[in-house]
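Given chain S, work out where chain V should sit, using these hints.
Residue-level listing of the chains:
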Amino acid sequence: MGRAKLPRKSTSIDMTAMCDVAFLLLSFFILTTKFKPAEAIAVTTPNSVAAKVADTKDIVLITIDKDGKVFLSMDDESKKEIIANTLNSTKNLGLNVQAFKKAGFYGAPFSGLAAFLSIPEEARKGGALPGIPAKDSTNSEIREWMSLVLTAYAGQKANIQLKGDNAAKYPAFKTVIDAFKKNDILKFQMITNPESIPVGSELWKSAMKGEKRTE
Amino acid sequence: MAEMDTSGGGGHKKGPGVKKSKKLSTRVDLTPMVDLGFLLITFFIFTTTMSQPTAMKLFLPKDADKPEDQNKAKESGVITILLGKDDHVFYYEGQLDNSASNFKSSTFKEIRNVLLDKKARTPEKDLVVVLKPSEECTYRNVVDILDEMAVNVLKRYALVDISDIETKLVKASEAANAAAPAK
Chain S
18 MGRAKLPRKS
28 TSIDMTAMCD
38 VAFLLLSFFI
48 LTTKFKPAEA
58 IAVTTPNSVA
68 AKVADTKDIV
78 LITIDKDGKV
88 FLSMDDESKK
98 EIIANTLNST
108 KNLGLNVQAF
118 KKAGFYGAPF
128 SGLAAFLSIP
138 EEARKGGALP
148 GIPAKDSTNS
158 EIREWMSLVL
168 TAYAGQKANI
178 QLKGDNAAKY
188 PAFKTVIDAF
198 KKNDILKFQM
208 ITNPESIPVG
218 SELWKSAMKG
228 EKRTE
Chain V
84 MAEMDTSGGG
94 GHKKGPGVKK
104 SKKLSTRVDL
114 TPMVDLGFLL
124 ITFFIFTTTM
134 SQPTAMKLFL
144 PKDADKPEDQ
154 NKAKESGVIT
164 ILLGKDDHVF
174 YYEGQLDNSA
184 SNFKSSTFKE
194 IRNVLLDKKA
204 RTPEKDLVVV
214 LKPSEECTYR
224 NVVDILDEMA
234 VNVLKRYALV
244 DISDIETKLV
254 KASEAANAAA
264 PAK
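Quick note, the sequences are listed as chains S and V, same order. Add 17 to a position in the first sequence, counting from 1, and you land on the number used in my numbering. Add 83 to a position in the second sequence, counting from 1, and you land on the number used in my numbering.
Isolated chain S (complex conformation) (with noise of 0.2 angstroms):
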């Protein structure tokens, strides 16, 4: 009884599978993706031709918004509770320990800072609060912070990086630049956003000449 059926052929191509691919990749394009945490402190970094990606690990972010006032932010909880200890100790502050460890980055000066703990971690946005007072460089508690963040350290790598403002003034910048120096920072990174070499430049023709970047 086998009889030889010829099939018509049909041309179109059953597309399910394809779909199913891309939707696949889509999904694991979104669920990968990193979502900006949302900023307390909002900034809007400059340009720069500067090609090298910013470090994510064992970083100290100094940010400087619009007004000029100056943050502080690390991701090493570890370290944070060695700084809240001797902050506890040395000045006395009667920080709680746990709310600094959790607390996504500092910017009220030392007497005030067991209050700036106690907002919620929402509630910390970067327009009402002080900052960490850095304007005159005779009393520039941020140079003590990065003290504090040197011996939390103790002699391991921690990527120093500084955010500012585009409309930030440079006495503020300034400020920092001396706090750095004073500890012996003398390396440290400016976070900004990628721009593309004007073409013609000088870098632009030892780009095109293959010659490797210094930075």
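Don't read these hints as lab results, they were simulated from the structure. Every residue, glycine too, gets a C-beta built ideally from N, C-alpha and C. Worth double-checking, as some hints may not be accurate.
In silico BS3-like cross-links for lysine-lysine, where the CA-CA straight-line distance does not exceed 27 angstroms [unchecked claim]:
#, chain 1, residue 1, chain 2, residue 2
1, S, Lys198, V, Lys168
2, V, Lys187, S, Lys191
3, V, Lys157, V, Lys251
4, V, Lys192, V, Lys168
5, S, Lys174, S, Lys119
6, S, Lys83, S, Lys51
7, S, Lys199, V, Lys140
8, V, Lys238, S, Lys226
9, S, Lys222, V, Lys105
Which bits of chain V does chain S cover? Going by a derived footprint, with three or more residues having C-beta under 8 angstroms, they are [unchecked claim]:
#, stretch
10, 112–124
11, 211–222
12, 232–240
What follows is chain V alone, placed relative to chain S:
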């Protein structure tokens, strides 16, 4: 996979007199959906790599307490760039004249040519760019001018504090520029 057998494969015959309704296929053309899927994929790929922030490295010199320890630079090879308010740029070569006759005004666009010109005229080992941001300039200006150093491959530059005379000159020039705009 998730397909319905709609071919019927014979099915059962409808009785006579029953009008044969045309069988509609339940298959949907998935091509536009695939298109959309890949479009979204490309969008996500591009946006994720674009927003990666980059880091610009800056090396600070150690503060030299004694003047003897400070680096010496040949006067002929020095160009000083001053950053003023509202993206104004000023520069002078060598030492500042008493009458400030070599004090020139520029912009962020033109400064590249000035720097390239200076670079072409000076032996490489003598060339030093001194950057003096004033109190009024923004962080963006500083990063821009540091970027300019990178773009023009100028290896030796320094961020230096502005002096009082220079502050006054910058202020005066800005006032003059404001009085006579539309250059």
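Just to make sure I understand the rule, a stretch counts as covered if three or more of its residues have a C-beta closer than 8 angstroms to a C-beta of the chain. Does the stretch 211–222 of chain V meet that for chain S?
Coverage by chain S holds here, the residue count being 7 at a Cβ distance below 8 angstroms.
Cut-off 8 angstroms, C-beta pairs, minimum 3 residues; does the coverage of the stretch 112–124 of chain V by chain S stand?
n = 9 at 8 angstroms, threshold three: holds.
Does the structure keep Lys83/S and Lys51/S at a Cα separation of 27 angstroms or less?
Holds - the C-alpha atoms of Lys51/S and Lys83/S are around 26 angstroms apart, at most 27 angstroms.
Between the alpha carbons of Lys187/V and Lys191/S, is the straight-line distance 27 angstroms or under?
Holds, at about 25 angstroms.
Keeping to a limit of 27 angstroms between CA atoms, is the pair of Lys198/S and Lys168/V held or broken?
holds, 26 angstroms
Is the straight-line distance between the alpha-carbon of Lys157/V and that of Lys251/V 27 angstroms or less?
Judged against 27 angstroms, a Cα distance of about 25 angstroms means the pair holds.
Decide if the proposed pair is consistent with the structure: Lys238/V and Lys226/S, CA atoms, cutoff 27 angstroms inclusive.
Holds, at about 19 angstroms.
Does Lys140/V lie within 27 angstroms of Lys199/S when you go C-alpha to C-alpha?
Answer holds: Lys199/S to Lys140/V is near 18 angstroms, not above 27 angstroms.
Check the hint pairing Lys192/V with Lys168/V against an upper bound of 27 angstroms on the C-alpha distance.
holds, 16 angstroms
Assertion that chain S covers the stretch 232–240 of chain V - criterion: three or more residues, beta-carbon distance below 8 angstroms:
holds (count 4)
Lys174/S paired with Lys119/S [C-alpha distance capped at 27 angstroms]:
Within the cut-off at roughly 22 angstroms; holds.
Check whether the Cα positions of Lys222/S and Lys105/V lie no farther apart than 27 angstroms.
violated, 69 angstroms
In the structure shown, a violation is registered for the earlier hint numbered 9 alone.
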